Amino acid sequence: MNKSKFGVLGLIVSLGCLAFAQDAELADKVTALEASLAETNFALDTLSLLFYAVLVAFMQPGFALLEAGLHSAKNIVNIFMKNIMDFVVAGLAYWAVGFSIMYGAPLFIRGYEAGWVPGQADFFFQLVFAATAATIVSGAIGGRMKFTAYLIFSAVMTALIYPVMGSWKWGGGWLDQLGFADFAGSSIVHAVGGFAALGAVLAIGPRLGRYAGNKINAMPGHNMALAGFGVFLLWLGWFGFNPGSQLAFSTAADSTTVADIFINTNLAASAGALSAMILSWALFKKPDFTMTINGILAGLVTITAGCDVIVGGWAVVAGAIGGILVVFSVLMFDRLKVDDPVGAISVHGICGVWGTIAVGIFGGGNLGVQVLGTLVYAAGAFVSGYLIFMILKYTIGIRVTAEEEVRGLDIAEHGIEGYSPSDYVGDPVVLSAVAGD
Amino acid sequence: MNKSKFGVLGLIVSLGCLAFAQDAELADKVTALEASLAETNFALDTLSLLFYAVLVAFMQPGFALLEAGLHSAKNIVNIFMKNIMDFVVAGLAYWAVGFSIMYGAPLFIRGYEAGWVPGQADFFFQLVFAATAATIVSGAIGGRMKFTAYLIFSAVMTALIYPVMGSWKWGGGWLDQLGFADFAGSSIVHAVGGFAALGAVLAIGPRLGRYAGNKINAMPGHNMALAGFGVFLLWLGWFGFNPGSQLAFSTAADSTTVADIFINTNLAASAGALSAMILSWALFKKPDFTMTINGILAGLVTITAGCDVIVGGWAVVAGAIGGILVVFSVLMFDRLKVDDPVGAISVHGICGVWGTIAVGIFGGGNLGVQVLGTLVYAAGAFVSGYLIFMILKYTIGIRVTAEEEVRGLDIAEHGIEGYSPSDYVGDPVVLSAVAGD
Amino acid sequence: MNKSKFGVLGLIVSLGCLAFAQDAELADKVTALEASLAETNFALDTLSLLFYAVLVAFMQPGFALLEAGLHSAKNIVNIFMKNIMDFVVAGLAYWAVGFSIMYGAPLFIRGYEAGWVPGQADFFFQLVFAATAATIVSGAIGGRMKFTAYLIFSAVMTALIYPVMGSWKWGGGWLDQLGFADFAGSSIVHAVGGFAALGAVLAIGPRLGRYAGNKINAMPGHNMALAGFGVFLLWLGWFGFNPGSQLAFSTAADSTTVADIFINTNLAASAGALSAMILSWALFKKPDFTMTINGILAGLVTITAGCDVIVGGWAVVAGAIGGILVVFSVLMFDRLKVDDPVGAISVHGICGVWGTIAVGIFGGGNLGVQVLGTLVYAAGAFVSGYLIFMILKYTIGIRVTAEEEVRGLDIAEHGIEGYSPSDYVGDPVVLSAVAGD
Amino acid sequence: MKLITAVIRPDKLPSVKEALFKAGVRGITISRVSGHGGQGGIIEQYRGSQFVVEFREKVQLSIAVSDSFVEPTIDAIVKSARTGEIGDGKIFVQPLENVVRIRTGEKDTEALTPVGA
Amino acid sequence: MKLITAVIRPDKLPSVKEALFKAGVRGITISRVSGHGGQGGIIEQYRGSQFVVEFREKVQLSIAVSDSFVEPTIDAIVKSARTGEIGDGKIFVQPLENVVRIRTGEKDTEALTPVGA
Amino acid sequence: MKLITAVIRPDKLPSVKEALFKAGVRGITISRVSGHGGQGGIIEQYRGSQFVVEFREKVQLSIAVSDSFVEPTIDAIVKSARTGEIGDGKIFVQPLENVVRIRTGEKDTEALTPVGA
Ligand SMILES: Nc1ncnc2c1ncn2[C@@H]1O[C@H](COP(=O)(O)OP(=O)(O)O)[C@@H](O)[C@H]1O
Ligand SMILES: Nc1ncnc2c1ncn2[C@@H]1O[C@H](COP(=O)(O)OP(=O)(O)O)[C@@H](O)[C@H]1O
Ligand SMILES: Nc1ncnc2c1ncn2[C@@H]1O[C@H](COP(=O)(O)OP(=O)(O)O)[C@@H](O)[C@H]1O
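Protein chains in written order, with the working numbering: chain Y, 1 to 437; chain H, 1 to 437; chain F, 1 to 437; chain V, 1 to 117; chain X, 1 to 117; chain A, 1 to 117.
Calculated from the structure, these hints are not laboratory results.
As the structure is a computational prediction, the values presented were derived from the model and not from experiment.
Treat the hints with caution; some may be incorrect.
[As the list claims (entries may be wrong)] The calculated DSS-like cross-link candidates involving lysine-lysine, where the alpha carbons are at most 30 Å apart (straight line), are:
#1 H:337 x Y:285
#2 H:29 x F:29
#3 H:215 x H:286
#4 V:79 x X:79
#5 Y:286 x Y:393
#6 H:393 x H:337
#7 X:22 x Y:215
#8 Y:286 x H:393
#9 Y:29 x F:29
#10 V:79 x H:215
#11 A:22 x X:79
#12 H:285 x H:215
#13 F:215 x F:285
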């Protein structure tokens, strides 16, 4: 009986142990699975962030082509040089200094651990944003600025101005504490870029021949195909800009939000295009091309701050207002003799401010804080932009000579024409070598 | 002893409970893991769908550039306006009405739950398809249509025609019941677009000067670089169009199918280009550029219906036949005085029909049903396109005046030239302001 | 008591069984989860690989546009034909033969199982690499080569040369055994393409009028906007080329490495652009546009071999050296009367070699093996390229007549101009049909 | 010998060419020019500013003819280029002292005789 | 009647046009030309090779006038086109025997009278 | 003074320019023109339709010279522009009554003397 009792006990224990062993093995597997799934999610977040970053990077050629199309043919090499060097300078300056200022990461960021987002991928995503902020200014001052002055500005913008101002919100600074909302940067990227452009334009003045007394001379861009295609690229790039700013993607909630952001972004762009086209049709009797494409960008800049919270019909309303604002704003700045050949101040500055405020109206944000925040960004960027260029003006100079401007920056600054004469005759008949050695 | 007995019992129970507690905890973890993995898969499906949707969106500038290149320089602003507004109008009309008609979703789609695909992402993916269907018509009627007429058509197409016809198959309608197969839309998107274009061209007639008695005047496109680059974008965009139509991606089977679709799509495109090039070489003594790029598109349209089932060598065969069809079809429509400057009817219409039938030949589909289905789509789209434009013709008019056509739609419809004269002289010497206030 | 004893035993056994049943169910679930997660990871790997492959495919239009911009307008149709047919020919030849040679897969690859990477997706990724290798040669021999000769070369390159040489390392061949490192192909793709181009240029000789005695005649490209935009596309495409070469993505380690590769790639590109620009500024007094864009490509080619191991500041150093090398190399080849209009030999050949060696200097690779490997690739490609073209030269001929070259390859080889005369007058006034039937 | 220069509408070039060939004229040099005359400019608009492109695209034909060809040539152009609307263009006749055919060195009327005629 | 041909700087076209209108000249045909004269070429560089674009962009105006208009026209051009720097251009005056207005068939001085004048 | 106008092949421009410089000619205005003559058109094809581009690209040189320069200029052009194939072009010589240098107001032969000569 004792035996039997111990037998029973043995059975119990051995059964128990077996169950435990089995459990332990399973538990290990589950733990491994959890770790593995966490890695998968990390990888999915990384892939998403890199995908959206690449889309944002497509905005760089988008900006270059839009600016090239809306400017004169004689400046096209200079325009590409500026837009290329923006990306180059940002790529080095934001890496060395800017990201550190903005997010408290180490200088010359390496092996960055950001916690809830994949750090290295996040850095790359933030980098293309920084490049965008600088590029916005390029179009506004095109056709007259010295290349060296522009390079210096580009470095200061991506190493200091944008990072410092960005840190106020995205770096968790005082505006973030106040509850200011700017999801993807209507203020932080666009208003900053647009108002820095306003400062730059005031510092450098209008293009020669733009104003003759009270007359405003139209100076049509040389190639609407480039401009139209550039805007398509910007539109597509915005599908990286806004959705990517969600930063996390591997849950159902995050990914649904991201899909919503795609829809809201596209609705605002469409509404902006439609309202700008209709308004231009009413004002000028014909549906205006450059106003329509500015309307697209207006809608996109508008929805950027609230693409997560301004949804469906409200995105349409906000975008449509953006499209109307941009038309009147372009006309107004023209009359104020603020010569902005691509409309950067109106598109990015004015609509950036409007989009930020719109979060307080349609998106449940605190209206007062939104107004405060966006004004701070607009004013700060304007003053910074103006100051830098005034300092440069009285040191190295920011404007090419009148003769160089008339001849075009391509010859003046880079010694080459964008469209070579060989184009017309079939081979380079008018060329002869001077110094080949 | 009793004590001991209860002691044993206690041990048993407590051990059991422990095992159960352990098990319960593990079970919870496993349940959480299952839920979490389901979310990851949902997120992966969403990301995939959005990635493919963005690729499809690249087809919009692709179409714009191809059309711009194959038309005259005097219509380029109008071409960009049409292609941009297609995307704009689709972005609003398909959202408000079209998607609801096609898939039974609520109007002004929001927070859509589609069941097995991420609903919101799916909506965006379907939206870019709708825009494509409308855009196909643009190139065929280019150079002579009133902008207003085109806008109205574009809205009707994306709000009604495409959604209704799409619902027959993709909305689970009668053709779906019959077992009709059209994986990514050789019929539903391309044949519908192409045959609506045929209706439109018959309604509006050829460009002035295209036919002089029995002579066919070549009216060469103004810029082959734009056309060539546009086709590259379309080709790349098709890597969203076909693979994305798998709609689900997170299993090994789905993702392998998607990779196969990439390969089949590329094989058909390559084969179409090669066969069209060789045929044009034989017919015209030189390898023809526009026929070759039409051959690429022919291969792509052909494989679209069966990219999941027409595999490897068969994709090559189907695509090559598409490339041959497109060359003869372009020549035939030219002789029939159906003036289609970009070959949209041949590429999308004829090859769309062929691709759908090819599923019955190479892909295991029911040949009879395939023929029936594609003829229904072709006929339906043709009649719809023809009717809409005939109604518009006798109401608001669809064609600009002869003088406007000769001068170009850019000036006539939008008051601006695509390429500004400043291009040639270096600054806008021939301009003077009329009214700047 | 006996009853009670059996009762206890029954309780024990039933409890145990329950626990086991519970465990078994859980274990099944866990096994299912493991399988499901493996599928998710497979799908994620597939999606990543396809995403990166599409980015690489964007390099095809990038190459086309860069070459188009740097050549004369009279050759633009031919340039697009070559670049399109490269992709077409690679799409068929690498599928039918090349991939099999390189990786031991079956001919006419179908349902390929690669083991640790998704086979079908991997094939597509490798395919776009093969197309790149062929395309590099196109720009160097532009403006004078017969289209048929180029087509044949393109087929041999993608079916044989590249696959055989690629197999030495990526197919696990003798260089792989030696420990040679070339992560994404500085040698295998770029040096092979660049030195095949050198062979081709030596076989075909310079363009007419390029050298007049000891004078080097500049033959400026006709459109810097196309060139600049093309380089942007190449830059963006490189974010597929380098990161995609990691081939696996679903672990935290892999995805972090991929993000690092993005950063290193971009740092090298930026550094290459900056150093080339500064050097050209010093040498020619002005910041030179084409040297700057060549600097970007130089940085990118340089980092390709070691983008996983040459990190942060070292990527900057390696890229900057690449930018300097490319400037001197272009000047040197010009003086050696090696007429390479786009600088393909310098960018891909010289910097490809440098990048491979840099892995031995900055990236921990075995310097000797790196030098050996890259010289083998350079020499092998040079000899292959030279031999093929010399054989073609003495059989079908590789060069158009002088008259055809002066008139342009567009008319000579394809019977059509890239830019139609209708461009200038507004409608095709100078045209009249010859044979419309 | 005279040098006849005609400025015409671009879209009339095909019919003028046709008429000249019928009149036996073979040698023509054309160039794209911009003309200003009674015809008003084209009003364009750009970003809300209107402007007038005051010069319209025209095509200029330069034709060197021997004296007997002057009248037929002018007639041919006038008839084939006329629309009756302002902007049809003008014809100018100038004295021409010498003509040289570069290929052969032939002079004057001989230089004007078409190849193979 | 004379045919006055002036080669000027492109950026002077607006002021020359203005001056001509003030002088009562209405009919003008302009074309884009490239000129070589005392003014040196523009030195450009491409991929490290320098070259001179020896011909500079100019605008050429052709104006047919009746004899009384010759002096005022030349004066208007000279005054409005001058910068004093090399490259200002030249004016050529040639005899003009006949003018025909295509629209009406009017001849010579009548053909030169602006519409509505 | 004469106005010499030469229509030549575009690819002959460099050698013609060289020859003119050697002959002491400095002032030249060139323009791109399209020419039709004995040389047939270029047959192109587009989407299966063939067509002839009946006008070929040519370059036109306008050179105002004082009388003593007429012969040397013509000689220089003829020699440097000739290929012997149809399409070499033609030279036209017209009377020139006045020349004005805009920069200085100098007239006629003085206006034609190159700067610094
Ligand atoms: N006096 C002139 N000198 C040079 N060109 C002229 C002159 N008058 C007219 N033209 C050219 O003829 C074109 C048509 O002239 P316009 O006066 O508009 O029409 P119309 O001759 O029918 O009255 C102008 O655009 C211009 O190129
Ligand atoms: N003899 C000439 N024949 C034809 N065109 C001339 C002649 N001399 C000058 N030109 C034209 O006038 C332009 C200006 O002449 P240039 O000698 O440079 O200036 P300037 O007359 O002020 O000395 C030249 O670019 C050329 O187009
Ligand atoms: N009678 C003419 N009037 C004006 N231009 C002419 C005349 N004859 C020839 N040309 C110009 O000269 C060019 C060459 O003439 P073409 O007859 O082809 O060659 P060739 O003089 O060698 O016989 C033509 O393309 C045209 O521009």
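Outcome of the hint check:
{"no.": "1", "hint": "H:337 x Y:285", "in the structure": "violated (35 Å)"}
{"no.": "2", "hint": "H:29 x F:29", "in the structure": "holds (11 Å)"}
{"no.": "3", "hint": "H:215 x H:286", "in the structure": "holds (22 Å)"}
{"no.": "4", "hint": "V:79 x X:79", "in the structure": "violated (40 Å)"}
{"no.": "5", "hint": "Y:286 x Y:393", "in the structure": "violated (41 Å)"}
{"no.": "6", "hint": "H:393 x H:337", "in the structure": "holds (20 Å)"}
{"no.": "7", "hint": "X:22 x Y:215", "in the structure": "holds (20 Å)"}
{"no.": "8", "hint": "Y:286 x H:393", "in the structure": "holds (20 Å)"}
{"no.": "9", "hint": "Y:29 x F:29", "in the structure": "holds (11 Å)"}
{"no.": "10", "hint": "V:79 x H:215", "in the structure": "holds (24 Å)"}
{"no.": "11", "hint": "A:22 x X:79", "in the structure": "violated (34 Å)"}
{"no.": "12", "hint": "H:285 x H:215", "in the structure": "holds (21 Å)"}
{"no.": "13", "hint": "F:215 x F:285", "in the structure": "holds (21 Å)"}
Taken one by one, the earlier hints fail for this structure at numbers 1, 4, 5 and 11, listed in ascending order.
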